[in-house]
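One line per chain: the protein sequences are A and B, in this order. Going by my numbering, the first residue of the first sequence is number 1, and it counts up by one from there. Going by my numbering, the first residue of the second sequence is number 1, and it counts up by one from there.
It is worth saying that the hints were derived from the structure and are not from the lab. Positions of the beta carbon are idealized from the N, C-alpha and C atoms, including for glycine. Incorrect hints may have been included.
Stated by the list, open to error - In silico DSSO-like cross-links for lysine-lysine, where the CA-CA straight-line distance does not exceed 30 Å:
hint, chain 1, residue 1, chain 2, residue 2
1, B, 480, A, 686
2, B, 105, A, 369
3, A, 664, A, 401
4, A, 48, A, 758
5, B, 107, A, 686
6, A, 369, B, 480
7, B, 480, A, 98
8, A, 758, B, 107
9, A, 412, A, 401
10, B, 313, A, 686
11, B, 107, A, 98
12, A, 103, B, 480
13, A, 281, A, 758
14, A, 103, B, 105
15, A, 98, B, 483
As the list claims (entries may be wrong) - Chain B is nowhere near these chain A residues, computed Cβ spacing over 12 Å in every case:
hint, residue
16, 70
17, 104
18, 112
19, 134
20, 276
21, 285
22, 402
23, 586
24, 646
25, 739
26, 853
27, 863
28, 903
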Amino acid sequence: MPSPRVILFPLVLATAAALSGAEPRVDFARDIRPLLAAHCYDCHGPEKTKGGLSLTSRSLAARGGESGAPALVPGQSAKSELIARLTTASDDDVMPQKAARLKPAEIALLSRWIDEGAVWPDNLTHWAYVAPVRPPIPAITDPPSAIANPIDAFVLAKLHAAGVSPSPAADRARWLRRVSLDLIGLPPTLAELAAFEADTTPGAHERVVDRLLASPHYGEKWARPWLDLARYADSHGFQRDDLRESWPYRDWVVRAMNADLPFDQFTLMQIAGDLLPRDPKSQSLDPLIATGFHRAAPTNVEAGTDQEEGRVNQVIDRVNTTATVWLGTTLECAQCHNHKYDPFTQRDYYRLFAYFNSTERETAFATAKATATLAFTGPFVSLPDAANDAQRAAITTRLKKNDDDLAAATEKLRTGLPAWETAARAALAAAPQSHALDVSAFESSAASPHRILEDQSVLLFDDVPDRDTYTVTARTTLAGITAFKLEALTDPSLPGNGPGRGDSARPNFVLNAFTVTATTSAGPAPVRLVRATQSFAQNGFPAANLLDAKNPKGWAISPQFGRDHWAVFELAEPLDARAGTTLVFTLAQNFGSGRTIGRFRLSAITGQAGAPPVPAEVAAALRTPPAARTAAQADALLAHVVAHDATIATLRQARRRTEQELAKLTGPRTLVMREVGEPRMTSVLKRGNFLDPGEHVAPGVPATLHPLAPGGAGNRLDLARWLVSRDNPLVARVTVNRWWQEFFGEGLVRTPEDFGVKGEPPTHPELLDWLAVEFMEGGWSMKKIHRLIALSATYQQSSRLTPALRARDDRNRLLARGPRFRLEAEAIRDNALAIAGLLSPKIGGPPVRPYQPPGLWDSKVGGDRVTYEVSPGEDAYRRGLYTIWKRASPYPSFVNFDASSRGACTVRRSRSNTPLQALTLLNDPVYVEAAAALAARIVRERPDAGVPARVTHAFRLCLTREPTAAERVTLEELFAQQNATHRDEQVAWQAVASALLNLDETITKN
Amino acid sequence: MHPREAHLRSVTRRTFLHNSGLGFGAVALNQLLARSLFAAAPSLPGPQTQNPRPQTPNSRPHFAPRAKRVIYLHMVGAPSQLDLFDHKPALAALDGQPCPDEFIKGKRFAFLRGHPRIAATKFSFARHGQSGAEISALLPHLAGVADEIALVRSVHTDEFNHAPAQLLLHTGFGRPGRPSGGSWVTYGLGSENADLPAYVVLQSGPLAGAGTQLWSAGFLPSVHQGVQFRTSGEPVLFLENPKGVAPSDRRQVLDAVRRLNETQLADAGDPEIATRIAQYELAFRMQASVPELMDISRESAATLALYGAEPGKPSFANNCLLARRLVERGVRMVQLYDADWDHHNNLATRLPAKCRDVDRGMAALIRDLKQRGLLDDTLVIWGGEFGRTPMAQSDTGNGTASNPGRDHHKDAYTMWLAGGGVKRGVSFGATDDLGYHITENPVHVHDLNATLLHLLGLDHERLTFRYQGRDYRLTDVHGKVVKGLLA
């Protein structure tokens, strides 16, 4: 029998705790199961039962393991083996055996729980894992004005129970602004306001909502939160944050929402559109385009990245994002270990991983020779581009004809080859010959990494400096050097294939100085160059510029990009290097903007300079009798003849021009998912480490949730169908909850990203379930649910926070008032542009670049050099949805208003309130311009009105309501002050406009 | 209350207003206006948020802090520890020889291929100060303050590519999306200055590879993001009034905005409006305080000379001086980035040039902080995102050609710390004879972050934020405080 002291002491404590209310009873689900899951279940859980012990139920725990001692004796922690093994001093017996000991507080909690009776509910299934059933609608009819549809009945039932009255309805103008901002993200026009105020017949609200739901701007507004979930952006992320083309996916989201594509279809297409059975009647690429959802994962193409690690990280991102978006579940914990709180195991995690593990790679070495530099690859689709189809066909025909002509011309040269050879051999003695110089050292002043290729050309890679000077050292023993030849060569690793480095659209270079020093035993001496010729020179930039040290212009090749070029520099006197001479070449390239040569080769020329040089291998072939020639020599000869034939040159030039025409006609492309032929094997990654694979797993879904439909192919399509199964307890709840959050600022579950044990329970569980069932049974229609919410009396309430409500429910958990919160980043700008009359209504298309302060993109380590050029015309005034999203440098005014950088899935942006927001609205040229345009609009639309009428008009444009007298007077005074100072009405109206655009109410939905 | 909600409450000041028992009249508003809204933070999740107390604008650390603020000097690209701080004479004997097999067996490198060769340092080392710290001749000024710093020669990380390693060091995670350490610090401690952001970023050279994500607030409210102060053009984006708008014009507009917002506050009762009003006032004050701060021309000639700073010529030295001015004004976290430390080749010429860029300024910073009594509670940290290999890298990948450099090395490198509760004049941790593996006191970058928070009085395991269903920390699920570094 234990000593009274041992018993009494905890009793006293427990009593004291109970009296003070400081320590509520231990709750198994909240307090104990997480501990067991975290510390015990690896060995005594659902998967393993070491020593015969399982701690997954009260009876199994009470039975104990092979030792025979009950792990659990309810009411008696001192007799419970569980506690004994946690606290023993014996290293052999102490638990956990393979992990850190529990903290004393945790052991105390377990003891207390046992002493309180070890309450262990049998049916522990968390509410969110039980499929929703449609609850009865509360029979509430009072007050009738507060019940527009079943949503209100659920809300009122709770309000009645709490003894709180709903708020009165907001006035019509406020409701119109609220519902317009919510459904299309734009404020109502004054004409729309007038129409609504004049429509006093029943159904006026319904007509407004239906008009908004049918607006093409509805999809724009609702795409925004979805694109946050999809972490959609226009660049790769990481160091090499180059731009990518995936905007057709963004446009598809807008289209799908406008068309009210049922959410189950919307899901199937995004998760597995590539695997859906093709509809033979449809040419639509939409199912493929939709798979851009998961191609939006960031891609690391920094040189030197482990590509497999990068790929695994992308798969992890896809699993986590899928779980967050469709299951409202944080699965990433299970990457390294069984989930501590929610019933998901590490094995569950990698079974889901297996579904995503077999898509094509998205990086590759940049060239066949590269060992570190990466290119962004992976599958894409080209979009149909009907407008240009006919033109494309015509060009293709021309190309074919051109190819035929080339083949004929080549054949003619081949037959004429013997005759040419006779003449060529005669001239060979004097003909110039080119000898590539062996590079013994290379230095770049900008320290660009380089590699010397087998053909003795030097290839520069990685980051492109603005300017660079190459110093090349080569040793030669040639006799009779009459000239040096510099070849600027293309390479697939260069932007636009080169030969310049700076710009994939215009891979030009500008060589500003070319000097040679020859060092013999007598010491160094400059080599004098007297004549220069080249394959091609840009207007005003002939290689001859380089002969004059004072001429800064140099040699350049625009617009003949994407092909090899050469320049030959003749020496004043032949150079005899037989005794061994070290040549040092300096190639200065000072133009800036990376106009440097990406790959080049230096050669010495012997023989009669000025004549077209005969390459060494051609000369060798000519000296070899035809019968004795190798195949390579024969090819070299023909290639040489072909290269110097005028007819062929003309034909080739024509072909290049035609190809360029065709390239310009290429339609847009977008990133898609595609399976590899043979699925990859998936293993559990120990502690999430891709270098430490454990047991193999097959694709599958978490055991806790509903089962997969039988007969699937074991691919992503199975998963997609499982996600939108009517049996899925989560997907409909999670989805309607996120929409609710958009309308009310907070979800019915206020942790919209976590429906698990640690998330918050719903404030209105029956309403959530009713909406979820209504959603699924209503054909997964988003618009139907939005219509219900927008027309509910709950949504129509005034948002005024009265002192009584503030005291009772300041967070509006009871929904006793309407929503009031700041607009999101894009909407703030859209709203200002709309008010100012600047907003372009254009829908869709490539991302646009509105004004941002200069220089933000120009200077960054790694990646293509992209200068931010403001889009021309209306594209500078498009909705924020279309603003280009560069992950390493997102649009700054959006960042200041809590936009995500889209590096990871975001369910809910923060909503902060900072001085940078004030500075943005006051000084960002976008808002300054909006204020100026609004000022002009006020005057334009009220040409003959006085100051009060103009103020009123401006006020209504911004806030969709009449100002109070005091509000009007404040702005009139501002006008008067400013007009007195500046004696310029436009300036004064601009001050008024700026004040209005900066009001809290203007950037708030209320 | 849910921790996240608790935090949002504090950010929006509801809690303050609520618990102060005030309505939204002039009294509450005036109190709000007197506070730093950048401070809007310090509700630490944990038991106390179950019953939130009135918020105070300034810090409420978990325990007594040793440092109140941090200056973090990040050398973008990763300097070579073997040529600056971790002297390995044994490399000289093996210079040009193939490296030991075990250096490459099963190892992954960014660029090294084949069997690379050992590269000895080309620079001399000497012992400095009473502590006798071995420092390269490339850093003569820093050597002069050797007794103030703690060299940590045993830092290691998990990532060997720039952007992931930068993200891991700054956010505790090698991929985008999480808050930076500076954001965590201001989330935990708030600001001490009513007119300036709590977290300021200064840059010399191009933007680091991972971009603005390095000072992003991630999923923390954007009030915690690092604010970049630019050394040319507008010091803060959108700080300056548009052309033709005088401060008096702006004041008139702001007065009208304020009156209208107050009307709205009285009508709608939303405390968010009170915050908005206060933020506009802070914005107005920033328009004066930031340019004043950025103007170093009024520093004494002696101070300018100490740093090698030149007004009007942006440089790392200027940024060091600005860092001092910032912490002097109570800015909590100052992060400096200096680019172009990624010396894969031509290390022999590029590294000395970079050292000349930073040496005087960073040594001056330590001296200046000390002479002003700020070093005791200001933590200075210097280092890159990883280290560099003892093997040479060059165009051929194996280090045989001319002008070699060194590849990325994640397993061992050096950083240094000074001030704010850190031991002075010590060398901590050690690597093997070839500087490849750590042999003593390994310090993972998570440990470094845990230590940084600890010095600020924050428990890295308790400084959490609930987001998308998980309690996140700067140190993820890792990190232990490096007790051996604590003074």
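Consistency of the hints with the structure:
1. Annotation: proposed proximity of residue 480 of chain B to residue 686 of chain A holds, straight-line Cα distance about 22 Å (limit 30 Å).
2. Taken as a hint, the residue 105 of chain B and residue 369 of chain A pair is honoured in the structure, with Cα atoms around 23 Å apart against an allowance of 30 Å.
3. For the suggested pair residue 664 of chain A and residue 401 of chain A, the alpha carbons sit about 20 Å apart, so the restraint of at most 30 Å is met.
4. At roughly 25 Å between alpha-carbon atoms, residue 48 of chain A and residue 758 of chain A fall within 30 Å of each other, so this suggested pair holds.
5. Taken as a hint, the residue 107 of chain B and residue 686 of chain A pair is honoured in the structure, with Cα atoms around 19 Å apart against an allowance of 30 Å.
6. A C-alpha spacing of about 44 Å is found between residue 369 of chain A and residue 480 of chain B, which places the hinted pair above 30 Å, so the restraint is violated.
7. A threshold of 30 Å between alpha carbons decides the hint, and for residue 480 of chain B with residue 98 of chain A the separation of about 20 Å falls inside it, so the pair holds.
8. Between the alpha carbons of residue 758 of chain A and residue 107 of chain B the distance comes to roughly 40 Å, so the proposed pair goes past 30 Å and is violated.
9. With a CA separation close to 17 Å, the supplied pair residue 412 of chain A and residue 401 of chain A stays within the 30 Å bound.
10. Simply put, residue 313 of chain B and residue 686 of chain A have alpha-carbon atoms about 52 Å apart, too far for the 30 Å limit, and the pair is violated.
11. Annotation: proposed proximity of residue 107 of chain B to residue 98 of chain A holds, straight-line Cα distance about 28 Å (limit 30 Å).
12. A distance of roughly 16 Å separates the Cα atoms of residue 103 of chain A and residue 480 of chain B; the hinted pair therefore holds under the 30 Å criterion.
13. In summary, the hint linking residue 281 of chain A to residue 758 of chain A is not supported, as the alpha carbons are separated by about 48 Å, beyond the 30 Å threshold.
14. A threshold of 30 Å between alpha carbons decides the hint, and for residue 103 of chain A with residue 105 of chain B the separation of about 40 Å lies outside it, so the pair is violated.
15. Using a Cα cut-off of 30 Å, the hinted pair residue 98 of chain A and residue 483 of chain B holds, with the two alpha carbons roughly 25 Å apart.
16. Interface exclusion of residue 70 of chain A from chain B stands, the closest Cβ pair being 33 Å apart, more than 12 Å.
17. Interface exclusion of residue 104 of chain A from chain B stands, the closest Cβ pair being 16 Å apart, more than 12 Å.
18. The claim that residue 112 of chain A lies off the interface holds: its Cβ sits roughly 17 Å from the closest Cβ of chain B, which is beyond the 12 Å cut-off.
19. The Cβ of residue 134 of chain A lies farther than 12 Å from every Cβ of chain B, with a closest approach of about 27 Å, so its non-interface assignment holds.
20. Distance check on residue 276 of chain A: its Cβ is at least 29 Å (rounded) from any Cβ of chain B, clearing the 12 Å threshold; non-interface status holds.
21. For residue 285 of chain A, the non-interface assignment is confirmed: its Cβ lies about 29 Å from the closest Cβ of chain B, beyond the 12 Å cut-off.
22. At roughly 40 Å from the closest C-beta of chain B, the C-beta of residue 402 of chain A stays outside 12 Å, upholding its exclusion from the interface.
23. Against chain B, the non-interface label of residue 586 of chain A holds: every CB pair exceeds 12 Å, the least being about 16 Å.
24. For residue 646 of chain A, the shortest C-beta to C-beta distance to chain B comes to about 39 Å, beyond the 12 Å cut-off, and the non-interface label holds.
25. Consistency note on residue 739 of chain A: stated as away from chain B, and its beta-carbon is indeed over 12 Å from all of that chain's, at 18 Å minimum.
26. Not every CB of chain B is more than 12 Å from the CB of residue 853 of chain A (nearest about 6 Å), against its label as outside the interface.
27. Taking the minimum C-beta to C-beta distance to chain B, about 8 Å, the non-interface status of residue 863 of chain A is violated against the 12 Å cut.
28. Here residue 903 of chain A does not stay apart from chain B, with its beta-carbon only about 3 Å from theirs, under the 12 Å limit.
Figure legend: structure checked against the earlier numbered hints; hints not met, in rising order: 6, 8, 10, 13, 14, 26, 27, 28.
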